[in-house]
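Build the full structure now, drawing on both the sequences and the hints.
Chains as they are written, first to last, in my numbering: chain L, 1 to 114; chain D, 1001 to 1115.
Hint data in this document are derived by calculation from the structure and do not stem from the laboratory.
Note that the Cβ used here is the ideal one computed from N, Cα and C, for glycine as well.
Covered by chain L, per the in silico footprint, the following chain D stretches (three or more residues, Cβ under 8 Å):
no., segment
1, 1040-1050
2, 1104-1111
Facing chain L, according to a computed beta carbon distance under 10 Å, are these residues of chain D, among others:
no., residue
3, Y1033
4, F1035
5, Y1037
6, M1089
7, F1091
8, A1093
9, R1095
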Amino acid sequence: DTAVSQTPKYLVTQMGNDKSIKCEQNLGHDTMYWYKQDSKKFLKIMFSYNNKELIINETVPNRFSPKSPDKAHLNLHINSLELGDSAVYFCASSQENLAKNIQYFGAGTRLSVL
Amino acid sequence: AQTVTQSQPEMSVQEAETVTLSCTYDTSESDYYLFWYKQPPSRQMILVIRQEAYKQQNATENRFSVNFQKAAKSFSLKISDSQLGDAAMYFCAYRRREKNNDMRFGAGTRLTVKP
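In structure tokens:
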């Protein structure tokens, strides 16, 4: 019944590896997002994506790439992981053009790069 | 640029008492949304309350209410009758009405509830 689900919940990996985090929403929303929350709890948007366009925050390194196989999924792929990538990553979704237009978040994925 | 400032890194309240969390924001826009999200230890980001800038009436959700002062660009959250389950990080967030992809969050306030 979870509205926005992310897997895995925890991810521990070595520097230089490539990893993916999956996100699925069952709310029928048309827009999905990825956020990064660093150790100081700052939450910053990385990407937003709907069937029309992908918008990338200019500060996001091109080692990060979102991949959307369909409207309900937006996976985050990270190449050549670096120590600074350690953070909690949140997926979220919303429906554009709805009066409420609220973003619903997943439970987060804690990524630790060793 | 729009920024969101939460000036209280930590706050503490006695159970059953009332606490107010502060938030100010900077924008040149007139039409936008403001949000308070709660992040308990489980890490889930949970929407607490939402305010539309064009509405003068302060939003209320049960024990949670806001004091929205548009001219002052202030958006504080009041939690009445605090419960132990209210303990969490609280994030204030701003988004332009037309820019769904540009939600800005404050640094958060950690709320502790004492029994």
